[in-house]
Amino acid sequence: MSLDDRKGPDAAVLAPLPVRTKRFEHESMESYIFRLARENATDRRTVETWLIETGRMVEHAPIVERYRIWRQLGGLPRGAAEAPIQETIVARRLCRRCSRGIRATGQIPSWGLVCIKHELWIHPIDGIGVGHRAMAAERDFRHHLAPKGMHIDSARLRFAQRLVALAVTTQWIHDRQAEDDSRSLQAALYPCQIRIAIDLFALDGIRELAEESSGHRHSAGESWISRRIDALGPDEEPWRASSLLMQCVRDLSETGRGSEDDVLYRQLR
Amino acid sequence: MAIPVTLKTWRSYVMDSPAQPDRLNAHRLAALSESALSAYNEDRIRWLSSDVVLETPDMRHLRRLWAVLRAEALFSTSIAAKSLAISGAPTFGKTTSALWIARDHERKERERRPTVPIHDYQPSLYVVTPPATTPKMLMIAFCNVLGLPYTRAQTAQELTERVVMVLRTLGTSLIVLDEIHNVQSNRQVGAEAASTLKLFAERLNCAFVVAGIDLDRSPVFSGPVGEQLAWRTMQYEMTSFNYGSARAREEWLLLVLSCQELLVLARQDESDLADCAAWLFDATGGSIGRLRALLRRGSIDAIINGKERIDRRALEPFVMVGERGSKRSPMTPVATGRRPAETA
Chain Z
16 MSLDDRKGPD AAVLAPLPVR TKRFEHESME SYIFRLAREN ATDRRTVETW LIETGRMVEH
76 APIVERYRIW RQLGGLPRGA AEAPIQETIV ARRLCRRCSR GIRATGQIPS WGLVCIKHEL
136 WIHPIDGIGV GHRAMAAERD FRHHLAPKGM HIDSARLRFA QRLVALAVTT QWIHDRQAED
196 DSRSLQAALY PCQIRIAIDL FALDGIRELA EESSGHRHSA GESWISRRID ALGPDEEPWR
256 ASSLLMQCVR DLSETGRGSE DDVLYRQLR
Chain L
13 MAIPVTLKTW RSYVMDSPAQ PDRLNAHRLA ALSESALSAY NEDRIRWLSS DVVLETPDMR
73 HLRRLWAVLR AEALFSTSIA AKSLAISGAP TFGKTTSALW IARDHERKER ERRPTVPIHD
133 YQPSLYVVTP PATTPKMLMI AFCNVLGLPY TRAQTAQELT ERVVMVLRTL GTSLIVLDEI
193 HNVQSNRQVG AEAASTLKLF AERLNCAFVV AGIDLDRSPV FSGPVGEQLA WRTMQYEMTS
253 FNYGSARARE EWLLLVLSCQ ELLVLARQDE SDLADCAAWL FDATGGSIGR LRALLRRGSI
313 DAIINGKERI DRRALEPFVM VGERGSKRSP MTPVATGRRP AETA
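Quick mapping for you: the protein sequence lines, in order, are chains Z and L. If you want our numbering, it's the 1-based position in the first sequence plus 15. If you want our numbering, it's the 1-based position in the second sequence plus 12.
Treat the hints as calculated values from the structure; they're not laboratory data. Accuracy of the hints is not assured; some may be wrong.
Said to hold, decoys possible - Reference excerpt, derived from the structure (chain Z facing chain L, CB under 10 Å, subset only): (1) V34; (2) T64; (3) W65; (4) T69; (5) V73; (6) E74; (7) A76; (8) E80; (9) P92; (10) I117; (11) M261; (12) Q262.
Unchecked claim - Dumping the calculated DSBU-like pairs for lysine-lysine here, alpha-carbon to alpha-carbon at most 35 Å: (13) K148(L) to K210(L); (14) K210(L) to K163(Z); (15) K37(Z) to K319(L); (16) K20(L) to K148(L); (17) K210(L) to K20(L); (18) K132(Z) to K120(L); (19) K120(L) to K148(L); (20) K20(L) to K120(L); (21) K163(Z) to K132(Z); (22) K37(Z) to K120(L).
What the hints assert, rightly or not - Here are the in silico distance ranges between beta carbons for each label pair: (23) T69(Z) to W243(L): 37 to 47 Å; (24) H133(Z) to L274(L): 27 to 37 Å; (25) R72(L) to G142(Z): 56 to 66 Å; (26) R59(Z) to S270(L): 45 to 55 Å; (27) R125(L) to R83(Z): 25 to 35 Å; (28) A31(L) to R93(Z): 34 to 44 Å; (29) R59(Z) to S29(L): 48 to 58 Å.
Every value quoted in this text rests on a predicted model; they were computed, and no experiment measured them. From the three backbone atoms N, C-alpha and C, an ideal C-beta is built for every residue, glycine too.
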């Protein structure tokens with residue numbers, strides 16, 4: 016490959032690979048690099064070996080430098096797909112319709128589990144249509160939680176999911192799955208998970224629970240959870256969830272117990 | 013003009029349509045300001061250096077052969093190679109013709125498919141065979157033109173597979189391979205190169221134009237595979253102009269006058285080069301390449317020194333030594349600086 020034949024400060028800019036490959040919105044650089052190399056009938060390792068052999072990249076170059084070079088090879092603008100946003104945000108497959116059926120992954124901190132535009136699940140069951148409750152939950156997530164930096168893989172959302180999972184029975188899960196025509200546990204828990212997360216962490220539910228629960232801890236927790244899980248029948252026993260919730264409230268209310276996320280991760284273990 | 017050797021420079025070359033500057037007469041030329049004159053001179057020199065294709069008997073034949081080949085390539089379902097071989101001695105216009113064919117095809121294909129983004133489609137690919145080429149080096153030449161990375165450890169077969177896949181993705185339907193005489197004359201290597209071209213032909217739905225010196229003796233067209241290729245190839249031998257008959261002399265004169273039309277010199281008269289057509293033939297050996305180079309250099313000199321006119325006397329310092337057919341040794345000066353009437 017020859018260098019771009021422009022002169023001046025950008026003389027060393029690499030010419031893009033011959034088969035141009037579009038980067039999807041939210042697609043991670045790792046996913047894009049894989050696709051770009053594949054479209055050009057090669058692989059990442061061969062390209063990086065070539066870069067090293069021809070002196071265009073040093074061996075063990077830092078990830079920022081590698082991404083810079085790959086952006087040039089893809090003809091991408093300089094700021095496209097900067098380094099991973101947060102390590103705790105899982106890179107997931109992008110919505111099938113958004114990526115036109117092409118397998119691409121990316122980190123999207125502002126999204127939950129649903130592509131609102133195409134009304135499809137993106138995780139854990141991608142490509143399946145969502146019901147109205149999941150759509151509402153996704154909108155609530157994007158409106159209340161994502162702007163506050165709470166992404167779907169954060170400790171708070173995982174804690175909320177754990178609470179729902181502990182409070183419901185297998186029948187309850189089956190009933191939700193039947194309604195949404197899905198077989199995923201995570202999908203069944205999603206609407207209630209979001210509701211609990213919003214009330215607990217976005218609307219200062221921790222403080223309210225701490226005040227209500229003095230002297231009546233378990234009942235306060237149980238009633239709080241029961242009000243937030245749909246169709247919680249007489250067979251449901253939310254006491255396990257309540258116990259976890261009140262333990263968390265107590266830990267968060269006490270001083271010297273570390274950050275909120277640390278407390279929640281300890282509860283999740 | 014530098015041969016375009018990357019996709020980017022190739023696409024610029026295809027899209028570029030140099031416009032002939034207006035020919036100003038001496039009076040208007042003198043009226044230009046210094047900066048305007050400088051800019052005008054630059055435009056003219058740029059124009060003189062551009063690769064304008066003239067209508068010659070060779071080009072008329074090649075246009076006809078190319079039209080047939082292109083129609084075959086576009087509409088035939090046969091997997092047999094559709095190819096044209098342009099052979100001839102150096103400076104006879106093989107590269108100019110090959111470039112013209114590639115550019116013509118790309119322009120027409122892009123016009124046929126105007127909505128396809130420029131980077132997603134590459135109808136023509138022009139590749140120059142490096143000297144002493146082996147099949148692996150030939151594939152590396154393709155990779156370099158396409159901008160495909162490759163490592164030292166990759167074999168010719170691996171590179172071929174990758175190039176084929178990328179050309180398919182880009183929709184390439186014409187491959188022009190110039191200087192193909194550079195393939196090593198070793199029989200084994202020649203056979204492998206022929207196999208590579210045959211593989212391309214079978215895997216890609218595209219036409220081939222190969223150009224080089226003495227292709228009838230090239231190792232690419234010898235051996236079992238090479239002979240298969242040769243049978244499926246239209247062959248055209250470019251020759252120099254000759255001066256032996258009235259018709260030949262008329263054709264040469266037409267060529268000279270066509271070249272003169274391109275010169276854009278303020279004081280050039282129509283008869284200036286017509287009067288020395290015979291000398292021009294002698295000085296260039298009937299080669300269109302040498303003729304154009306001679307006139308280009310003389311014109312640039314006339315622009316720089318302000319004389320704005322070329323004739324035999326102005327051109328003599330630029331006659332190249334060692335021209336084909338000359339009995340002089342390469343180091344014997346052709347021009348003495350004296351007028352013909354003074355040499356006695």
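A quick look at each hint next to the structure:
1. V34: holds (5 Å)
2. T64: With a closest approach of 5 Å, the T64(Z) hint holds.
3. W65: holds (4 Å)
4. T69: Hint on T69(Z): holds, closest Cβ of chain L at ~8 Å, below 10 Å.
5. V73: violated (16 Å)
6. E74: Because about 14 Å separates E74(Z) from the closest Cβ in chain L, which is outside the 10 Å limit, the hint is violated.
7. A76: violated (15 Å)
8. E80: Since the shortest Cβ distance to chain L is 17 Å, the answer is violated.
9. P92: With Cβ-Cβ at 15 Å, over 10 Å, it is violated.
10. I117: violated (14 Å)
11. M261: violated (60 Å)
12. Q262: Violated, about 56 Å.
13. K148(L) to K210(L): Holds, because 15 Å separates the two Cα atoms, which is no more than 35 Å.
14. K210(L) to K163(Z): Violated, at roughly 63 Å.
15. K37(Z) to K319(L): violated (56 Å)
16. K20(L) to K148(L): Roughly 24 Å between the alpha carbons, so the hint for K20(L) and K148(L) holds.
17. K210(L) to K20(L): holds (27 Å)
18. K132(Z) to K120(L): Since the Cα atoms of K132(Z) and K120(L) sit roughly 40 Å apart, the hinted pair is violated (cutoff 35 Å).
19. K120(L) to K148(L): OK: K120(L) and K148(L) at ~32 Å, within 35 Å.
20. K20(L) to K120(L): Holds, at about 18 Å.
21. K163(Z) to K132(Z): holds (22 Å)
22. K37(Z) to K120(L): holds (26 Å)
23. T69(Z) to W243(L): 37 to 47 Å: holds (41 Å)
24. H133(Z) to L274(L): 27 to 37 Å: violated (59 Å)
25. R72(L) to G142(Z): 56 to 66 Å: Given range 56 to 66 Å: holds, Cβ gap about 59 Å.
26. R59(Z) to S270(L): 45 to 55 Å: At 54 Å between Cβs, range holds.
27. R125(L) to R83(Z): 25 to 35 Å: holds (34 Å)
28. A31(L) to R93(Z): 34 to 44 Å: holds (36 Å)
29. R59(Z) to S29(L): 48 to 58 Å: At 40 Å between Cβs, range violated.
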